[in-house]
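Residue numbers (this note's numbering), protein chains in the order written: chain A, 1 to 161; chain B, 1 to 787.
Check before you lean on any hint, since a few could be wrong.
[As the list claims (entries may be wrong)] Computed cross-link-like contacts, DSBU-like style, restricted to lysine-lysine with a CA-CA straight-line distance of at most 35 Å:
#	chain 1	residue 1	chain 2	residue 2
1	A	116	B	12
2	B	654	A	116
3	B	590	B	570
4	B	453	B	654
5	B	149	B	105
6	B	538	B	568
7	B	3	B	570
8	A	11	A	116
9	B	12	A	11
None of these hints come from the bench; they were simulated from the model. What you are looking at is a predicted structure, and each value in this text was computed from that prediction instead of being measured.
Here is what each chain is made of, one letter per residue.
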Amino acid sequence: MSQVTMTVNGKEMSGDAEGRTLLSQFLRETLGLTGTHVGCDTSQCGACVVHVDGVAVKACTMLAMEADGSDVATIEGQAAVDGTLNALQQAFQDHHGLQCGFCTPGMIMSAADLLKNNPQPTEAEVRHHLEGNICRCTGYHNIVKAILAASGQDVSSIAAE
Amino acid sequence: MPKDHGIGASPKRREDVRFLSGTGNYTDDIQVNGQAFVHFLRSDVAHANITSIDTSVASAMPGVLRIFTGADFEGVGGIPCGWQITDRHGEPMQEPAHPVLAQGKVRYVGDQIAAIVAETVEQARDAAEAIELDLEELPAIVDMKAALKEDAAKVHDDLTSNLCYDWGFVEENKPAVDAAFDAAAHVTTLELRNNRLVANPMEPRVAIGDFNRATGESTLYTTSQNPHVIRLLMGAFVLGIPEHKLRVVAPDVGGGFGTKIFHYAEEAFCTFAAKALNRAVKWTSTRAEAFISDAHGRDHVTKIELALDAENNFTAVRTDTYANMGAYLSTFAPSVPTWLHGTLMAGNYKTPLIYVNVKAVFTNTVPVDAYRGAGRPEATFQLERVIDKAARELGVDPIALRRQNFITEFPYETPVAVAYDTGDYHGTMDILEKMADLSGFEARRKESESRGKLRGLGVNCYIEACGIAPSNLVGQLGARAGLYESATVRVNATGGIVVMTGSHSHGQGHETSFPQVIAEMIGIDEDMVEIEHGDTSKAPMGMGTYGSRSIAVGGSAMVRATEKIIAKAKKIAAHLMEAADADIELSDGKFSVAGTDKSVAWGDVTLAAYVPHNYPLEDIEPGLEETAFYDPANFTYPSGAYACEVEVDPDTGKVTIENFNAADDFGNIINPMIVDGQVHGGIGQGIGQALLENAAYDENGQLLSASYMDYAMPRANDVPFYGVDHSSQTPCTHNPLGVKGCGEAGAIGSPPAVVNAVVDALRSGGHDIYHIDMPVSPSRVWQAMNG
Chain A
1 MSQVTMTVNG KEMSGDAEGR TLLSQFLRET LGLTGTHVGC DTSQCGACVV
51 HVDGVAVKAC TMLAMEADGS DVATIEGQAA VDGTLNALQQ AFQDHHGLQC
101 GFCTPGMIMS AADLLKNNPQ PTEAEVRHHL EGNICRCTGY HNIVKAILAA
151 SGQDVSSIAA E
Chain B
1 MPKDHGIGAS PKRREDVRFL SGTGNYTDDI QVNGQAFVHF LRSDVAHANI
51 TSIDTSVASA MPGVLRIFTG ADFEGVGGIP CGWQITDRHG EPMQEPAHPV
101 LAQGKVRYVG DQIAAIVAET VEQARDAAEA IELDLEELPA IVDMKAALKE
151 DAAKVHDDLT SNLCYDWGFV EENKPAVDAA FDAAAHVTTL ELRNNRLVAN
201 PMEPRVAIGD FNRATGESTL YTTSQNPHVI RLLMGAFVLG IPEHKLRVVA
251 PDVGGGFGTK IFHYAEEAFC TFAAKALNRA VKWTSTRAEA FISDAHGRDH
301 VTKIELALDA ENNFTAVRTD TYANMGAYLS TFAPSVPTWL HGTLMAGNYK
351 TPLIYVNVKA VFTNTVPVDA YRGAGRPEAT FQLERVIDKA ARELGVDPIA
401 LRRQNFITEF PYETPVAVAY DTGDYHGTMD ILEKMADLSG FEARRKESES
451 RGKLRGLGVN CYIEACGIAP SNLVGQLGAR AGLYESATVR VNATGGIVVM
501 TGSHSHGQGH ETSFPQVIAE MIGIDEDMVE IEHGDTSKAP MGMGTYGSRS
551 IAVGGSAMVR ATEKIIAKAK KIAAHLMEAA DADIELSDGK FSVAGTDKSV
601 AWGDVTLAAY VPHNYPLEDI EPGLEETAFY DPANFTYPSG AYACEVEVDP
651 DTGKVTIENF NAADDFGNII NPMIVDGQVH GGIGQGIGQA LLENAAYDEN
701 GQLLSASYMD YAMPRANDVP FYGVDHSSQT PCTHNPLGVK GCGEAGAIGS
751 PPAVVNAVVD ALRSGGHDIY HIDMPVSPSR VWQAMNG
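Okay, chain B solo, but in the shape it has when bound (with noise of 0.2 Å):
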């Protein structure tokens, strides 16, 4: 019988009643009284200098109330980089100016140049027509190798190349691993590109700046996944405004994916201007602009060399990627490629010897940065696809040459830094193995053919680290900031409840969930407890959601939280009843005398809190609200086993998804219906990164897939029903819910058990192939086949 109630319980979502009825309250629905409008005029070329920009005939156009341009904005501080790497020389990253519009120089179609605010939006399009701008058009650098020549053109002359660090990972490996190779029985070696893509979540970008004159306030509503990191960016880095004189609101936010992470240009500008002209200023991104100015995500080229003995033991992984920043460093896009991949290269397997080398890259393109998963879908997508290929190469069953290489033992140091708690590997996979009905796949696969189908199968492993991070860790990383989670319980009179988190919810249902853990702890029902998240005046300082993080960092800060509760109510409670703390207990919202029939309420001890004439007050404060910050002693590791099935039309090469099955391990779960949920929505986006989408330059610096004409994303008819199971769970042994995150799973563990089923699909039919680049097209398909 599934509970109906507390941790493990699937409540209907109570965020659901006012998204179903039109009553959110999403950043765009904001009317501030007297807010005007600004659209900013952005580069329609990838490489220029701005020659002149004479603004004079715009700002008299009916309506315009300000122009602003880079001049505006000399000895404003630039757009700050959250993340130093270290090279492999010891030297750190090279790190550009990044200004909130444009210095003398354009470096993407999309970039910033000036921002024409008028009363209507319409009058600052129009007015942006009128500005003349002369651009002095320079080479476009958009193929990373060929960014690193000698003579390469730079997309910043201040920098010593177009280079930004050159990772070695771990270094002092390199012999070992090299030597591994040396003495390899067999070498596999694979490869590939991580598609560039545009996360696309479907509300665009909005902000709002405000200020009041009176108290010297600026506000900015936004549309973030942490208002507290863009308070401490844009308030320490960009504008100089103290934390206490800066508010930051993020309401309902329409899905984040990673690109709501990142401060932004368009953030900071509105809170300047509206200073600046003291009138609320508002921009609404339309979707065009929002895939030339959202950081896009992924955008690795990769050779990966897997090395095994005699017995198809993994003996080394190699690896050398060039990872693509963009023409500027978005906040934590440094660390997406190496601390958040290098670090996941172990993969579910004990590899004793791995080298991971990345040489991050400038180019004339849009910033990239962290998209769902962030690095640890690119490591396992390598990692998976090689291993397949390697399988293939040795004629040996996919899956059993996962089975022989699975770590066993926990908890598990990899070669990579980092330790795995818990996880079940095998137990896992069995659980796969049932529900996707392997047994059954080669009966599948006649049925197909005698239709005249090709029919694959793919099934690969994932791990990932979630949970980010240990704040002492992540600093010795290059971090610069601490990555811990806070929440505020406050307890009413009357025993209701109000936990402010520093986490975000935009689509996860935290306003659900959150009240589950309460509920369970107190024993009250979870209609007792609201969560508010999202305003930097309410919530303490937290670091907000991303990294599959908010239960795992943010639901333990809450139980820390409500644990201080509790042990301050169990000694008014003995109060009450005239009984020693150590003897009181608390069940069904209840607080007992153990061994007796005394007992007292939740809310009387609620109500003697905050109306303390019988109340120990020599001893404890009145009032009952307490604050916990949480900082993980270690990240999480969920991981799963996925399987998917396709189906291939040899006339056309158009792949169709027939089955998918994800058995995930994340230890203990809130809410099932919710994982369930986010499991499938990461399985949509990686099935979308697999078969359709990819953002594509030309070689001008154009995006080519600039629309949804032109980027495909996943529609309702292109995917199936999914199977989920998480009835695998190894409980994370380091925070206090034995939790470890699902937000990621589906996005990182899908796009390889894709590739790899359509690989298997090409191969039944005779097709010598090992590889096909995604988005796996029909054009890319049928060309495999048709050589």
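Pulled out of the complex, with its shape left as it was, chain A reads as follows (with noise of 0.2 Å):
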């Protein structure tokens, strides 16, 4: 066991892990950041895609101790204090893009990575970004339109919500 020490959404946290911990598993278990979810044991679902030092990343794809002295942001960080919903949640909720909501935490952070790089994709950059991030839900149908919303554009000739 050795001591990590990361500033996840903005405050500094530590905690204990094993070389095997996942950054997934330590935000979830260690921390108590129980938003960013684990849906895969093989890096494909992108349930618990976080960023780290502004990057997209699987978390189940990096130990804790590779994170250490980081700068993590994860889904809890999102929203402004008062519970506001930033505008890609707000789009989301707006467009009805999520439905049991497993798979959300990761679209958003994916989806969040994608306009930062490219802030008006094509619907063809947008499913292609997701390819790492599965649904079982939604069809991608309003996930898609979701995103595209919250980059500005008109999605009101998109089939219905």
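Dock chain one against chain two, each of which comes alone in its own frame, and use the hints as you go.
Right, here's the structure in full:
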């Protein structure tokens, strides 16, 4: 066991980690940040996407120790302190971009990464970017629509919500 | 102008706020004080005798609290099956014992042999490696037809064969059906496989057992679609715990799709072990475990025949299906290929004679049970595929052939024992033809051909039976439970309402849509209504959510309870206004006396109910809380027409979905936004089945597609935007909301549309083919084109 310290959503947090402890596990079990979800064990589903030093990372592909000293952003830090959703979160609610909510944290963190690097993505770019995020509920329709809407594009011509 | 309130409006989902901000409460998020962790040692071979298990070294490993094996469960009940099928000879199905931990034999890859409870999950996993296990491998039974051969090895030695049941429906009709085939002008025959699928809700299953020695109460937190059903099955049949000493909580659940209906051994184990160890015991499935322990879906091998007369009227349908049960009978498994499948074989058509034969077979594979649609997708796929093949053989338009045979008068009694109350199949098809611009298809085909691509159009219909189900009927059919639903409506003194429903939301949005109904009935703001679900200590006994039953059955229970509330509130209002009960009207949250300007507000009445100073205490009790149990009079029958357009790359066989349109008739609709989302998701899963997904076993019973590296889940790139329309609305006639249910439609209606379209594309390229089995992968398409 070693102590690992990182800044999570702007707050310095520490905890013990084994060499094999994954970042996803550390966030959920040690720091109690259960918004980051684990949906697979082969780094395919993307439910655990967080940002480490500004880059989207599947938290199950990184050891907690590798994130020592890093700046980590998770779903818990996306809304304002008063609970107001950010523009991307709000677009997901407005366009019914989630159902069971389990893949949602990863979808939001992955989409935020896309929009940071490509503020006006095409539909095809959105779909391609989501290759590493699996949703079983929505058929992706409203997720893609929400991301396009969050980028400021007119989605009114896309079939009903 | 769309409504912004009540029934028919699309308020934003209130549950989204917690899901979008990482503050949901899924089962794995729950940490019970002092919890220990369990890891299951699972069989890595399909069929073997357990000759010895030595846990002595493993038990001494760091952190290990106790290792349980089958010996610890002797005398404990097995996992029960909830439905008994009677075969065509009047005999009950063969029903094997299903132990919590394997007793002497393992029967599929994933069968649980031992359970290691330790302080941490890592310690439990480490100790599992140190268990010394000797297995004597036996021949694996994988193929269903081989399993039924006389000399086949048996999955269960104490059964007479691997045949669970041989079901005929309707058995008395068989001679007439056979005669109709003899007299037919044309017979179309199609053999197909409905591919085995893994439901794959994104949240893996989790169970936490807890025990309170002081009260003697056990608590199970579990990822379930129906906590009361788990309480009943586990309490009564496995562990012998009465309901008042057993609480089952299913908090936020990350998708179900059927596979979280069933009672699983891990739930019983955690509850049992918590009491044995006086510690909470937690199990979190990995995805790898989910593939080999969650009940699978579909896996039917079918031959279907359609008889037509000289005018192309359908005269008879005859089917012969082998349905894989896997190694044990999961909770509802026997009902899926029978009552949820055979009764749908009329589809949308007035075929007068139908006979369905189903042989359910035990194999050394994961148990198979309901997956989104459950039996109805299997019925729809074979029927709509054989109709498409018939149209092509006869050289007639597939839509015209369907229209010619549509049922047009309702109610309609099918020859397979169900009575459709309402529907408008021509009207729904009209909507589809317009929204999908079918008249423009030939131009789009030419455009594709100009780019060297083959374009195909597939159209089909579906009918389903939802709102499961009338208890007396399902009792006759072998269900070992009732299928009513419950609701308690608790009105607080200041007028706010809490509804405790026995149905369960795991993505469907009950917390948003259920309040819309009450808001409409009383005329108050939706924000005054909260929905609670998923905790047996709060909600009355309910049967949960599956089979698109929540609003049709659970919503109806809520309506009935609210009607009782309103009736009582009117008596209170009448007393307050010194008027006759019969003169009181309720609208916009206000009680008024007909023909006068006298009124009292909703809140005045609710306050009087709890502060009954001026109150008709001689006539009615104080308080305002009512419970209703609603048992439906019939199934509901949503229907629809779907169109898929595909492009096929003739060089690679790759299929691309270009357009997908769905016209559905769900009866009345509470929240159109949520309904659209349900259809989108169902179509996504149906496209997944048609193009991508396959739970493939090798001849040794090893699951080859047992991770997301191998099992092809649909990704955003695999699907298009969908067109959905539910303006065709023929309300259900037998429930108070006129609703039919929408959860499964997309998954039922879409697979045949995709395959019909691929066949159409290939035929347009001059390939004389009628069928490709799902998943229609590039290699299968390429082989079909290149022989």
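Structure-based check of all given hints:
Between residue 116 (chain A) and residue 12 (chain B) the alpha-carbon distance is near 26 Å, which keeps this suggested pair within the 35 Å criterion. In summary, the hint linking residue 654 (chain B) to residue 116 (chain A) is supported, as the alpha carbons are separated by about 33 Å, within the 35 Å threshold. In summary, the hint linking residue 590 (chain B) to residue 570 (chain B) is supported, as the alpha carbons are separated by about 10 Å, within the 35 Å threshold. At most 35 Å may separate the alpha-carbon atoms for a hinted pair to count; residue 453 (chain B) and residue 654 (chain B) meet this at roughly 10 Å.
For the proposed pair residue 149 (chain B) and residue 105 (chain B), the alpha carbon gap of about 22 Å is at most 35 Å, so the pair holds. For the proposed pair residue 538 (chain B) and residue 568 (chain B), the alpha carbon gap of about 23 Å is at most 35 Å, so the pair holds. About 27 Å separates the Cα atoms of residue 3 (chain B) and residue 570 (chain B), which keeps this hinted pair within 35 Å; it holds. At most 35 Å may separate the alpha-carbon atoms for a hinted pair to count; residue 11 (chain A) and residue 116 (chain A) meet this at roughly 22 Å.
Distance hint between residue 12 (chain B) and residue 11 (chain A) is fulfilled; the C-alpha atoms sit about 32 Å from each other, no more than 35 Å.
Consistency note: the structure conflicts with none of the earlier hints.
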